[in-house]
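Undergrad: Go by the hints and put chain B onto chain A.
The residues making up each chain are set out below.
There are 2 protein chains.
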Amino acid sequence: MTVAVSKPKRKTAKKRNNSKDQLLNAASTILTERNAIDISLSDIAEASGLNSALIKYHFGNKEGLLLALVERDAASTLGLLDQLLAMDVSPIQKVRLHVAGVVKTYAKVPYLNRLIHTLMDSKDPIVAEEMVNFFVKPLLESQTKILDEGLQAGIFHKIDPMMFYYSVIGACDYIFYARHSRKIVTGNSELTPEIRDKYINFVADTILKTLCIDSNTSIKT
Amino acid sequence: MTVAVSKPKRKTAKKRNNSKDQLLNAASTILTERNAIDISLSDIAEASGLNSALIKYHFGNKEGLLLALVERDAASTLGLLDQLLAMDVSPIQKVRLHVAGVVKTYAKVPYLNRLIHTLMDSKDPIVAEEMVNFFVKPLLESQTKILDEGLQAGIFHKIDPMMFYYSVIGACDYIFYARHSRKIVTGNSELTPEIRDKYINFVADTILKTLCIDSNTSIKT
Numbered sequence: 001m002t003v004a005v006s007k008p009k010r011k012t013a014k015k016r017n018n019s020k021d022q023l024l025n026a027a028s029t030i031l032t033e034r035n036a037i038d039i040s041l042s043d044i045a046e047a048s049g050l051n052s053a054l055i056k057y058h059f060g061n062k063e064g065l066l067l068a069l070v071e072r073d074a075a076s077t078l079g080l081l082d083q084l085l086a087m088d089v090s091p092i093q094k095v096r097l098h099v100a101g102v103v104k105t106y107a108k109v110p111y112l113n114r115l116i117h118t119l120m121d122s123k124d125p126i127v128a129e130e131m132v133n134f135f136v137k138p139l140l141e142s143q144t145k146i147l148d149e150g151l152q153a154g155i156f157h158k159i160d161p162m163m164f165y166y167s168v169i170g171a172c173d174y175i176f177y178a179r180h181s182r183k184i185v186t187g188n189s190e191l192t193p194e195i196r197d198k199y200i201n202f203v204a205d206t207i208l209k210t211l212c213i214d215s216n217t218s219i220k221t
Numbered sequence: 001m002t003v004a005v006s007k008p009k010r011k012t013a014k015k016r017n018n019s020k021d022q023l024l025n026a027a028s029t030i031l032t033e034r035n036a037i038d039i040s041l042s043d044i045a046e047a048s049g050l051n052s053a054l055i056k057y058h059f060g061n062k063e064g065l066l067l068a069l070v071e072r073d074a075a076s077t078l079g080l081l082d083q084l085l086a087m088d089v090s091p092i093q094k095v096r097l098h099v100a101g102v103v104k105t106y107a108k109v110p111y112l113n114r115l116i117h118t119l120m121d122s123k124d125p126i127v128a129e130e131m132v133n134f135f136v137k138p139l140l141e142s143q144t145k146i147l148d149e150g151l152q153a154g155i156f157h158k159i160d161p162m163m164f165y166y167s168v169i170g171a172c173d174y175i176f177y178a179r180h181s182r183k184i185v186t187g188n189s190e191l192t193p194e195i196r197d198k199y200i201n202f203v204a205d206t207i208l209k210t211l212c213i214d215s216n217t218s219i220k221t
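Protein chains in written order, with UniProt numbering: chain A, 1 to 221; chain B, 1 to 221.
Any given hint could turn out to be false.
If several chains are the same, the list does not tell them apart, and a pair holds so long as it fits within one copy or across any two.
Straight-line distance between alpha carbons at most 20 Å, and here's what the computed EDC-like set of lysine to aspartate or glutamate pairs gives [claimed, not checked]: (1) K123 with D38; (2) K183 with D160; (3) K62 with D38; (4) K94 with D214; (5) K158 with D205.
Hints listed in this document are in silico derivations from the structure and should not be mistaken for laboratory results.
Isolated chain A (complex conformation):
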């Protein structure tokens, strides 16, 4: 009897999770295709093939769904950032790996940065605070730790973390955001893994030339 009762329960829970994932996947696909962050409940319902009432059931409202999407999409990246900080490599290598991580995240989820900033502009202060605590603070704190490590080791100049934050995140994001200019800029709208990796090296080299006291170190390591 116990088995007979529990089986349908598991199935229902699985089905519920599936519809949650389906809604998140549909929103993600639409945001990527449109390269914009304006999306309606009916867009998501239509693309997922599910009733929009399920959005309310799982996420409360559209903002709740977008919040869940950001948390899903950014979680692995933020996890990698913690691992990076704990790694036994030089601060220079940490900057390189960090730039690579940011670029690869935006390559995979090109709407992520704009979605985060849209949610930070939310009229609901809880949503805005959630984004700050979930994304901006950990990112800024991790970057500051890497900069401090390099400073303590006598490898880096003292640099304003704010300048580092905006210039690195802005540069890493823009190549994916401005996708419709890519065909004009690069002659090809596809951002191949080769161009992506070349860009990672360019951004990392540029910032390391400013950071490193000995400019040769930045290239060697």
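TA: Only chain B this time, still in chain A's reference frame:
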């Protein structure tokens, strides 16, 4: 008689221009306040105190109005870029002045870059092409000319204009776009002219360290 007839005509023409400007100013204010590019005809009508039929009369539709807004907001900047190219200063100084121009434009019109990219994603190929021809191509061509000048003068390394374009424009724009993170990042949500100028120097110094063959030159000039 001629005078009596022509006077009201001039008045009507002036009034027409006024309502056009009023609509553009209203859209500009809303976009700045919201830090977003989703805006409705009724939002603009309400904020301008004018009937939304006037939007159709002056601009055809919402996209037409946004296109006119971009052209109004970016025209002076693009004009300055032409002047910059013709100036008798070193390529290094041109890079510095260019970065300053871009940062100051986004400081003044923080929605401009996103609006341009939204219009480049337009379903209407004429709108998209207009943005490319009006903004991306002139900007990219001017940057390429400055890079070439430095290369010919034996001052700059050979650098991929695409890498230059995305990293510089992305860095310059992001500090204004991500305004809701500024309080966390800088402790103050106001971006003072002092911070703006410090950021201009940081971005210019960083890119010039990568560009210049002799790293000392980049700082001296």
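Undergrad: None of the hints should be skipped; say for each whether it holds.
TA: Results of checking the hints against the structure:
no., hint, in the structure
1, K123 with D38, "both (16 Å within a copy, 15 Å between copies)"
2, K183 with D160, "between (35 Å within a copy, 15 Å between copies)"
3, K62 with D38, "both (11 Å within a copy, 15 Å between copies)"
4, K94 with D214, "within (17 Å within a copy, 27 Å between copies)"
5, K158 with D205, "both (17 Å within a copy, 15 Å between copies)"
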